[in-house]
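Asks: Here's the letter readout for the chains.
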Amino acid sequence: MKIFVCIKSVPDTAATIKLSGESSFEDSDCKFVINPYDEYGIEEAVTLVEKNGGEVVVITAGRASADGALRSAMAIGANRAIHVKTEEQFLDSSFTAKVLKAAIERDGMPDIIFTGKNSVDTEGFQTPYRLAAELGFPVVNEISKLKINGDKAVAEREIGGGDREVLEISLPAVIGVTKGLNEPRYPKFPDIMKAKKKPVNLITISDLGIDELFSKSRLVKLESAPERSGAKMIQGSVEAQVKELIRILKEDEKVL
Amino acid sequence: MKRTGIFIESKAGVIKSANYGVIACAQKYSAKYNEEIYAFIIDEHSGQFSKNIVDNEKIKQGFSKNIIDNERIKQELGNRGIKYVIEVCIDPDHHENHKQHENIFNPVVWSDALIQAVIKYKISTLFALSTHIGKELLPRVAAQLDAPLIMDCLNVSKGDDVNRRDDDAGNEFDLAETFLYSGKTIATVKVTGNIRMFGIRPNVIEPCLQAQNYESEDSKAKIFPIVETFIAKTEQQKNIKLIETKTEDSSSGEHLLSADVIISGGRAMKNGENFKLLQDCADSIADLGAATAVGASRVAVDLGWVPYSMQVGQTGEKVSPKVYIACGISGSIQHFAGMKTSKMIIAINESPNAAIMSNCDYFVEADLFKILPELIKELKNTKRLRSYQ
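Just so you know, the protein sequences line up as chains A and B, in that order. Note that the working numbering has the first sequence beginning at -8, numbered continuously upward. Note that the working numbering has the second sequence beginning at 2, numbered continuously upward.
Isolated chain B (complex conformation) (with noise of 0.2 Å):
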């Protein structure tokens, strides 16, 4: 029996919501033969409990707290359908003598491990987020595993056998699709070989849903997962050490990736100072509950406004918020490849003639610098209106 994989990214205890598209993503490729789906997650922490251990019983224990800290991310799973999940641990061993930042994602061990997990678990097709620690992770595996990769997939399904040509005999093969060339184009791929591994762009597929009756207790203890600890002997790593990590700037990339709406500036924001003004903006929408996140264009960037991980782009996030706000961003290809798959485009613009105008939903002709406290003031005084009701 074949079975599917899915690297499941967490952060501190919490599923990425991001992860549920890939989710539903492996759910209707495996239905097709009913297969089963096995879910992987490694936590980030799993080399804290290597301190102060020294045998076997205590390892146990050690892992077991680490099983508790995970409850959450595996009930969750379960609730989405995932029948068993694998929780990938680093050898303790591995971390004797590191220092304290060797636990936070280092690539190199993590796909050592995960590597082990595929072959021990049989994974025949693997899927995880093209996000940064995917594009990490993921290169790494396939490259060890000879393992054909397609990263930053709308979709993947499984080829149909009448499609099958000659050279393909007894094999099976998979379709993804992707863009190719600036988000100009959208391929087909066709990929053969025992293993096949995809990286999902994130929020582009519809999320899958929660099991129904959920809320109940009786429900959720059915639901639950079959959970098994697997324990990876990764190799130190000689050939490349980890010596610092530095936080340069606090936002966040991630903030894009979890957000409902994205509100992005442009050149005509005219300095980094009026960014507030979106920032602003995005905490009044949040306010009323959708979760909201402040972008920017590669010019705004570039200029020195706003830091890197703000940037929306073909070299920036590629992002697929419900709504996208563009103020003041003219619309080049290379911003349209980080956005297009947004459900909904918003342009705020002064001039009708820019590029955005020709592939967005709603154009706003104005000024954004009237808008933006207009719209503010608004959104805010709908908050007062709601807290009265």
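The following block holds chain A by itself, in its conformation from the complex (with noise of 0.2 Å):
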């Protein structure tokens, strides 16, 4: 069994976003992590390889700095990865898709590919989608529970208002996965040591003849998100501080 699992090197959620020039942020001094979804697709992929045999292969497509990403991927137990250099912080979905289509053909079809449901710094909530469409595959998104029988997946997800449904996808096919799916592993000293010294394939996007420069989105501004500033203080007795909050509920947003 050959599994994909394509991943994203993006900024900690906690971590401050120091903005630098017109549209991009300083990432030379920003905490970068494995974007937390991927990570249910790295276990998942690892648990199905160590029952059945065969192999896991972690790709993204991303700056050098993604390479911290693809160790850790493969301290969980990634047997070898793929990392198609590229120079732009921001890639467009459509973009994205198309590279890591070209490589995983390049290196060989898979049995299945996982992706997180989403990234969590741009959140496109389009890659996996993408990515199905430019191989023919079928995809399935924000699946929470996963069975594999021979060529075909049963896979439930939830679908908005706490409802949940169950769905059978054939192989191979492109599968989004989300909290719930597992508990992925915390590697151990010895797996970490061993991630440095498994096989990464760097490549450039022009090796695989794609031009980056043919997005049909792109970034032109990043500013910062304007914030609240100076809260008014509710203070005194609990019965004045409800008698206030009923007339500000009343007086300034008129709902009552």
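Derived from the structure by calculation, the hints contain no laboratory data. Cβ coordinates follow ideal geometry from the N, Cα and C atoms, glycine included. Each hint can be trusted.
Straight-line Cα separation of at most 30 Å, DSS-like style, residue types lysine-lysine; simulated pairs:
(1) B:K239 - B:K121
(2) B:K271 - A:K170
(3) A:K241 - A:K223
(4) B:K239 - A:K(-7)
(5) B:K384 - A:K223
(6) B:K159 - A:K9
(7) B:K247 - B:K234
(8) B:K239 - A:K136
(9) B:K239 - A:K143
Now the in silico label distances, taken between C-beta atoms and shown as ranges:
(10) B:S352 - A:E218: 18 to 28 Å
(11) B:L210 - A:L193: 52 to 62 Å
(12) B:A13 - A:L193: 49 to 59 Å
Reference listing, derived: stretches of chain A covered by chain B, where coverage requires no fewer than 3 residues with Cβ under 8 Å from a Cβ of chain B:
(13) 160 to 174
(14) 223 to 232
(15) 238 to 244
With the hints as a guide, dock the two chains, each given alone in a separate frame, to form the complex.
Replies: Encoded structure:
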């Protein structure tokens, strides 16, 4: 069984984003991690291969700093990695999908491709779908339960409002995963050391015959989101505080 | 002539109020060059009419029944200034031999139908809501059309010609604003291509207004839109099969998206039982007229106190009510990413050192277990006084 896991190196959601220039941020002193949802995909792939044999290949399209995420994925148990190097900080999802498709095809077709349900940095919500369309594979997203039966997978997903659905998908397929699927393991020290020696195949987008400039969406401006400042304190006795609260609800936003 | 499309979300024959922000955005967008707007509705029950329908004549009858079911939606759309409504119907053949649950939202079938409609009506810009449905539907449409798509937009406008760079010569472009990096930054994304798609974050754009004198019978007739039925020939899905749907909890994220007031609880609620206090408070506010829902922070969900569908935050629902009341929530970056677009944020917290203090409008420094019972009492008093008037 050959499984690809597409991962993204993202700034930690709690990290401070220091802007630099018109449309980028300072990434040298920013903490990068594996996109948290991708970890469920790595764990699932590694568990499946431990049981059934085969190999897990992690792949990313990103800058040089993404190497850390690939090493972390290999510490969890992925066998090797493919790093498609790009220059831009912000990647168009369509571009990413084309790059991933070309690199996956070059390496040899897998039985399953896992992705996280979305990336927590840019939250474009579309790379799994675009990758599937490029490859002509079926795609399901937000999967939190999965069973593989031969050339089919039975997957369960949350569809909003507390409802869930169970789907049967033909393999090969792109499967976007989310919390609940498994508990990603913490790599042990020897695994981290071993991961440093595992192979990373570095390729450029021109190796794949793709033009980075051809993106249909491009970041032109990045600015700090406005913050509220100077909260008004409501103090005093409980009765006085509640009285003031009711007044605010009535008079300011007129919801009462 | 370029055409702008809007995918309208409805439930059981009622249009979701969050659509009005999308319509407002599309109207402002298309006004620049006087482009026409087409609203697309897909009836979630269109499949039901396929049962026992054999000949074409009966299919027509089936669809005419369908049209009556959607009467309210169409009238409402006309009333909001929409001139053209396209009813996208899933080909009844598709539903034959399918179980009842095939009739509900099926992203693969719906996206297929919407793609056909977008091509047929030559739509160059498509707007929709960035909701659970939108997040499943729009990427599928965009992927098949290889069209650019920006989700969770705060605003979308046409790019100014003066800013055109050489590489765009002859191409028009749009500018979409969206949060990046957990709500810490706002990005402007330049979007080019023959078909461009945008998912709009619910309730951040001021809704479009109802036509004046809507109440009078005369004007109703005048503003009724032109309706066309488009039958999409969708293919049977062999690669993905829906086996079953289950309902695990009765509370609903949908409530969060249609609420004017949201009252949320965090770690300081101490247990799931105490969320009843929030529900009581929400009910008392709702009794005074404002749609109110109860939300929760990720901590409260992770500890198993309340279901995931109540979670507000980057990994839960992203809400923009008029008033957001955070009870015992410290205010992490990830929580703010899901509620910072609220008009007003009120925090009830014992500790003025909590992070939420630095990013809210009002801070009630108090024990929420003292404030909430008193607040409920006062709300009920207000209600009683009002009923005497």
